[in-house]
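A.B. asks: Got two chains here, each in a separate frame; can you build the complex from them with the hints?
Residue numbers (the numbering used here), protein chains in the order written: chain A, 1 to 276; chain B, 1 to 317.
Because the hints were derived from the structure by calculation, they are not lab data.
Small disclaimer: the values here were computed from a predicted structure and weren't measured.
Do not take every clue at face value.
[To be verified] Computed beta-carbon distance windows for the label pairs: (1) A:Ala142 with B:Leu141: 37 to 43 Å; (2) B:Ala262 with A:Leu127: 38 to 44 Å; (3) B:Ala93 with A:Ala253: 38 to 44 Å; (4) A:Ala151 with B:Gly14: 40 to 46 Å; (5) A:Ala253 with B:Ala180: 44 to 50 Å; (6) B:Ser87 with A:Val38: 17 to 23 Å; (7) B:Phe15 with A:Ala139: 51 to 57 Å.
[Unchecked claim] Some residues of chain B that are not near chain A, with every Cβ distance over 12 Å (derived): (8) Asp2; (9) Tyr13; (10) Val24; (11) Gly64; (12) Ile65; (13) Phe72; (14) Val85; (15) Leu216; (16) Val236; (17) Tyr244.
Beta carbons are placed, not taken as given, at the ideal position from N, Cα and C, and that holds for glycine.
The lines below spell out each chain.
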Amino acid sequence: MTTHPPQVPPRDPAARDAHPSGPPVLDVRHLGVRYDDVRALDDVTVSLRAGSICGLIGVNGSGKSTLFKALMGLVVPQEGRVELFGDTTASARRAGLVAYMPQAEEVDWTFPVSVSDVVAMGVYGRLGAARRLRPADRAAVADSLDRVGLADLARRQIGQLSGGQRKRVFIARSIAQDARLLLLDEPFAGVDRSSERTMTALLTALRDEGRSVLVSTHDLAGVPAFCDEAVLLHRRVLAQGDPAAVLTQGNLARAFGAAPPDAVPAVPTAARIGDS
Amino acid sequence: MDVLAFFVEPLQYGFLTRALAVTVAAAVVAAVLSCWLILMGWSLMGDAVSHAVLPGVALAYIIGIPFSVGAFVFGVGAVALIGIVRSTTKLKADTVIGVVFTALFASGLAIVSATPSQIDLMHILFGNVLGVSAGDVLQVLVLGAVTLAVLLFKRRDLTLLAFDRTHAHVIGLNTRFLSALLLGLLALTVVVGLQAVGIILVVAMLITPGATAFLLSRSFDRMLLIAVVLTVAASVTGIYASYYLDISTGAAVVLCQALVFAVVYLVGRPDGLLWQVRRRRPGSRGRSLPEPQRSDPADRTAATPARVSDDPATSGA
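The shape of chain B in the complex, shown without the other chains (with noise of 0.2 Å):
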């Protein structure tokens, strides 16, 4: 098969083109939300929200309104519950949205267990991108564009916010209504992801795209936009590879940006392991990590000859 073909033939299922406009749609606004949520260090809360709108969903299903608004108002409902229960109690923030993500979402699943003939659980949790339809996209396209637009707009108070609250209160900024306003964001995100990949693994569209792009930056625009390349990149790297091997949509585009970021990890500069490995062992060339595996055998015995013989393995082989 040559190389045009392997790009083309997919697209030739009006269902992969959508479910690929979804995805991409919805992986951007994640990514670029995803790069204040780790700065703020809400990740838990992405992952809070994602999980309390199965019970809006649930509803929305039965009382025959769009699933997108009975999960907008129960993820920022679960927001603010979060900041209720939070400021009247001595409780620690992680503590609390614990407590309440989990009982909205056994409410949702006792919501759907109890009507089980008219939604498909499996679909809520996990996505079904393959099957969207047109309208869908229209929505996910809509929402996408409006959430993205009001972000993009904001994003220096919003940096400004995670950055340094006191000053951002001090020269009369409403630190309030900009968390609100994040959080609003971050109910409007999960609507939009979840059609992509479903409640549980939309968590890692918040969190992973910023988390990558976050030990390679060093300024914030730079950090929006490799989030927005690597996360495209994934997404469909994810798709293909959902055809091609035949497995589920969500979880291919999601390890694919586990993959992004294990690479990143691993090479990428300045944080990058291979890179602190290598500088932990200063003066010793030969034994720094890639570069053993390259020599001879008989070398890396010669170099380490303390560590062959201590290590149990080794010697017994």
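So here's chain A without its partners, still in its complex pose (with noise of 0.2 Å):
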């Protein structure tokens, strides 16, 4: 069984004070989402300030997805508001604010576009009807590659990828697009752990630049390390904040039912769950 530190990640004060407090990033209040009959979110309220990296916890139909739709005002809610950036979700994506990472099955990987198309799809907002890319949207789109290391691999079809790869294609299209807010939707599922390693430390680098990352997840092996802050969810919100105050065995148990086993060990209170 391998151990984790467990501690809070490292964070860099001096990149938190760059950015002063303006209107949080995602601000989330009394949000309730009903499908038909079933109760989807109920009096959720999240925020997450500037140049933070927020992780989502919960499991399958706890309402994440549900919560990223609305956040991208994909579904509607019946209750409560969404604003980000201190405004109505509509602004935000048509100002280029928001990006969005799919779950891997989400992606049709035979579809005919290289690496580097699918980057450039990130500069789309900010293009002309035709969507024709200037000298520096095409720069914009190098660096991007080059930032993720698959400056390489640009003229490679999607799916000739490896599975950390593909996830990279996209860390890389929300870089090129200069989102300020990136939703990542069960990023490191099918991730081997090198891969992850690059993804995190990629993740970190942006949130030193003052970008905000809300990172959803159900395996708790994966509850990544490099989180700021945490959100237990479970159509309503059972706890946010400081992970390791959020990670306790007893929100756990309220989450997961009773904790999987093999998360245990990621979980920065393993070791109180050891000595019961």
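C.D. replies: Below is the structure:
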């Protein structure tokens, strides 16, 4: 059994100070979403400040995807409201502030597009009606690819990449977009350890630039140790705040029924669980 | 007959030159559209729209307006109807499409059967490309050019829509408008294509070229190019085949497209069936599919003794 240091990730106070508190990046208040008779989200209140990484943790069906959809304006909530950057979700989208990384199974990997084609889709929002790339846009695409270490594979068809490389294509797309809020849906599913480290390093670097990252996961083994905060979701918000405070055994038991055994070592409170 | 005469002789007939122009123009527009259609997973929508225009064509003949107007109205109407029923029931898309287009097709048949003297049903269903007038040619060329221009102008948005609809929405594009645009262009393409090959076979023009090109492409621009080149080749070959073999023009064109698909499916890279068979038998070169046919029959028997004795047909012979 491997042991993970139960430590709060390193934070750079200077980076935080460089981005003084304006309106929160994400401000969800008393959000309620129902599909027909099924209540997907109930009285969810979450906020996220600029320059932080937040883990959104919950089992499948806990409402993580619905919350993402509400943030992207893909479902209309019956109750409450969602604000991004102090404005409506629609204006945040039009301003290109939000980026979304789909789950691997939502993507058609046989689609005839190259890695650089996909990254170029990140800049479409600021182009003219025909979406013709200007030299500056091509440079932005090349820089983004460089940054995620995929410059050599720019011309590859996307299906020819490994699982970790595929994820990095979409991170590069949000870098090219210059998004301020990144929504990542289960980014660590099907990704090996070394790719996961590469991605967390990238996300941490983006955080230090003042961008905000919301990462959803149902896999506690993948609970990102690099998160600045965590939200435990089970239709309602069970706990939120500092990851160490959120991921207590009691909270996890409420969210997961019982904490899955393979996940125990990754939890910051592992020592306490072992003692009991 | 020398080669030049083979190609030039049919062109002496004005009706055949017009047929060639109409077919190639329609085929190119349909081929370009088909690339997006198959990537969106909307092949069945092409099927639906082409069948659903029948009542529009019939009513247009009765009222005395251009058939393309009636066809376009009913094509768009079918799309709207499918969208409404889909969003207000729990039914899956293919079910709704099936219900709507068969209903519209049947009402078209009913209208035609009630007014038998005015309309030649066979021409609507299977095309009458040899009977097109100069005015028809102009109409096809203009509608085709407009459709093609819009498709190519918005090609990056449409590709994004097909690849990642959520991202398109998140960066502020109007995905509903783009979907509606693609469906409207589909209706226009059907109007263009039914002149050439008729309502039934226009479905093939809307699906096969894209499917063939998809097997050969790793980039979208290349897919467009391959679809257009192959469809032009198939259309021209089809017209000549129809002339020399005396078979239905629409059928000949569609058969040529299917033939191209079959060839690509069998030997095209990297999904070709033959290559898959070869790869599945590593280390047994003598048994790979193309080679035994060329090798000595005795060798083949020696190489696969178990198969020969197990095969009842062979042992009985």
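A.B. asks: None of the hints should be skipped; say for each whether it holds.
C.D. replies: Comparing the hints with the structure gives:
no. : hint                               : result
1   : A:Ala142 with B:Leu141: 37 to 43 Å : holds (41 Å)
2   : B:Ala262 with A:Leu127: 38 to 44 Å : holds (40 Å)
3   : B:Ala93 with A:Ala253: 38 to 44 Å  : holds (41 Å)
4   : A:Ala151 with B:Gly14: 40 to 46 Å  : violated (57 Å)
5   : A:Ala253 with B:Ala180: 44 to 50 Å : holds (49 Å)
6   : B:Ser87 with A:Val38: 17 to 23 Å   : holds (18 Å)
7   : B:Phe15 with A:Ala139: 51 to 57 Å  : holds (55 Å)
8   : Asp2                               : holds (42 Å)
9   : Tyr13                              : holds (40 Å)
10  : Val24                              : holds (24 Å)
11  : Gly64                              : holds (38 Å)
12  : Ile65                              : holds (33 Å)
13  : Phe72                              : holds (24 Å)
14  : Val85                              : holds (18 Å)
15  : Leu216                             : violated (9 Å)
16  : Val236                             : holds (26 Å)
17  : Tyr244                             : holds (36 Å)
Hints 4 and 15 from the earlier list are contradicted by this structure; the remaining hints agree with it.
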